[in-house]
Amino acid sequence: DTAVSQTPKYLVTQMGNDKSIKCEQNLGHDTMYWYKQDSKKFLKIMFSYNNKELIINETVPNRFSPKSPDKAHLNLHINSLELGDSAVYFCASSQNNEQYFGPGTRLTVT
Amino acid sequence: QKEVEQDPGPLSVPEGAIVSLNCTYSNSAFQYFMWYRQYSRKGPELLMYTYSSGNKEDGRFTAQVDKSSKYISLFIRDSQPSDSATYLCAMRKAAGNKLTFGGGTRVLVKP
Numbered sequence: 001d002t003a004v005s006q007t008p009k010y011l012v013t014q015m016g017n018d019k020s021i022k023c024e025q026n027l028g029h030d031t032m033y034w035y036k037q038d039s040k041k042f043l044k045i046m047f048s049y050n051n052k053e054l055i056i057n058e059t060v061p062n063r064f065s066p067k068s069p070d071k072a073h074l075n076l077h078i079n080s081l082e083l084g085d086s087a088v089y090f091c092a093s094s095q096n097n098e099q100y101f102g103p104g105t106r107l108t109v110t
Numbered sequence: 111q112k113e114v115e116q117d118p119g120p121l122s123v124p125e126g127a128i129v130s131l132n133c134t135y136s137n138s139a140f141q142y143f144m145w146y147r148q149y150s151r152k153g154p155e156l157l158m159y160t161y162s163s164g165n166k167e168d169g170r171f172t173a174q175v176d177k178s179s180k181y182i183s184l185f186i187r188d189s190q191p192s193d194s195a196t197y198l199c200a201m202r203k204a205a206g207n208k209l210t211f212g213g214g215t216r217v218l219v220k221p
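Quick mapping for you: the protein sequence lines, in order, are chains V and L.
Residue numbers for the first sequence follow our numbering, beginning at 1 and rising by one.
Residue numbers for the second sequence follow our numbering, beginning at 111 and rising by one.
Hints are supplied without guarantee of correctness; some may be wrong.
Stated by the list, open to error - Computed Cβ-Cβ distance ranges for the label pairs, DEER-style:
(1) L:Gln190 with V:Pro8: 25 to 35 Å
(2) L:Glu155 with V:Val12: 24 to 34 Å
(3) V:Asp30 with L:Lys112: 35 to 45 Å
To be verified - Capping the alpha-carbon separation at 30 Å, the derived lysine-lysine pairs in DSS-like fashion look like this:
(4) L:Lys180 with L:Lys166
(5) V:Lys71 with L:Lys180
(6) V:Lys41 with V:Lys71
(7) V:Lys36 with L:Lys177
(8) L:Lys208 with V:Lys52
(9) V:Lys41 with V:Lys9
(10) L:Lys208 with V:Lys71
What the hints assert, rightly or not - To give an idea of the chain V side of the interface with chain L (calculated C-beta under 7 Å), a few residues:
(11) Tyr10
(12) Thr31
(13) Ile45
(14) Ser48
(15) Ile56
(16) Phe90
(17) Asn97
(18) Glu98
(19) Pro103
(20) Gly104
(21) Val109
It is worth saying that the hints were derived from the structure and are not from the lab.
Here a beta-carbon is modelled for each residue, glycine too, at the ideal position from N, C-alpha and C.
With the hints as extra help, turn the sequences into a complete structure.
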């Protein structure tokens, strides 16, 4: 009964392709997030949704588009993948101060 | 200059030693301070969170916040090899949910 789950765990794809990552949380939280962690372990927020409404949208290329079909799910679609998109993408959810992270999706763009 | 600075390490200590980690930050608006532990190829997990200045203890872990110096610390007593991980500090302002993370410190506890 994983609290925050992501699929796929690994994703290897070529430049120019379009791919999606899915996230689900069963904690009943209202807020979900997408983070990007680069090779130097620096974790940076990309987007946040509260009850299906976008509340944080950092400076991210518009090739990245989040979608929240309901408050338990937050997906990330990436168009025209570039080499620099290679990273680990983490989904998280929170209620109040504590954010719970998923296991991550390791994206490699070749 | 990043808003939150953290020495990347690695910090290597013998088993049983005290591990001392810290972060400095530049934005005085930060009010909530967290420490996360991240094992290799896993997601970060919340260890401690504190509000404003002061100390908080939880088992072998003690978190300290000094807002006047813009400096936070995490101490791990009686360190174990299982404490080997990357430790990330994070902080946020009073309003909103946006966390700003440090770059993480890699800790190695040798048996």
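Verification of the hints:
Distance hint for Gln190 of chain L and Pro8 of chain V: a CB-CB separation of about 33 Å, consistent with the stated range 25 to 35 Å. Between Glu155 of chain L and Val12 of chain V the beta carbon distance is about 26 Å. The supplied range of 24 to 34 Å therefore holds. Range check, Asp30 of chain V to Lys112 of chain L: Cβ separation about 29 Å, and the 35 to 45 Å hint is violated. Restraint check for Lys180 of chain L and Lys166 of chain L: the C-alpha separation of about 17 Å stays at or below 30 Å, so the hint holds.
For the hint pairing Lys71 of chain V with Lys180 of chain L, the CA-to-CA distance comes to about 35 Å; that exceeds 30 Å, so the pair is violated. The straight-line distance between the Cα atoms of Lys41 of chain V and Lys71 of chain V is roughly 28 Å, inside the 30 Å bound, and the hint therefore holds. The suggested pairing of Lys36 of chain V with Lys177 of chain L holds, with an alpha-carbon distance near 28 Å, which does not exceed 30 Å. A hinted pair counts as satisfied when its Cα atoms are at most 30 Å apart, and Lys208 of chain L with Lys52 of chain V qualifies at roughly 17 Å.
In summary, the hint linking Lys41 of chain V to Lys9 of chain V is supported, as the alpha carbons are separated by about 17 Å, within the 30 Å threshold. For the hint pairing Lys208 of chain L with Lys71 of chain V, the CA-to-CA distance comes to about 18 Å; that is within 30 Å, so the pair holds. Interface hint status for Tyr10 of chain V: violated, as the beta-carbon distance to the closest one in chain L is roughly 10 Å, over 7 Å. Checking Thr31 of chain V against chain L by beta carbon gives a least distance of about 6 Å; that is within 7 Å, so the hint holds.
For Ile45 of chain V, the suggested interface contact is upheld, since its CB lies about 6 Å from the closest CB of chain L, less than 7 Å. Taking 7 Å as the C-beta contact cut-off toward chain L, the hint placing Ser48 of chain V at the interface holds, the least distance being around 6 Å. For Ile56 of chain V, the interface hint holds, the least distance from its beta-carbon to any beta-carbon of chain L being 6 Å, beneath 7 Å. With 7 Å as the threshold, the beta carbon of Phe90 of chain V comes within range of chain L, its nearest partner Cβ sitting at about 6 Å, so the hint holds.
Annotation: interface hint on Asn97 of chain V holds; nearest CB of chain L at approximately 6 Å, less than 7 Å. For Glu98 of chain V, the shortest C-beta to C-beta distance to chain L is roughly 5 Å, which falls under 7 Å, so the interface hint holds. Hint status for Pro103 of chain V: holds, given a least beta-carbon distance of 5 Å to chain L, under 7 Å. The beta carbon of Gly104 of chain V is positioned within 7 Å of a beta carbon in chain L (closest approach about 5 Å), and the interface hint is therefore held.
Here the hint on Val109 of chain V is broken, as its CB sits about 19 Å from the closest CB of chain L, past 7 Å.
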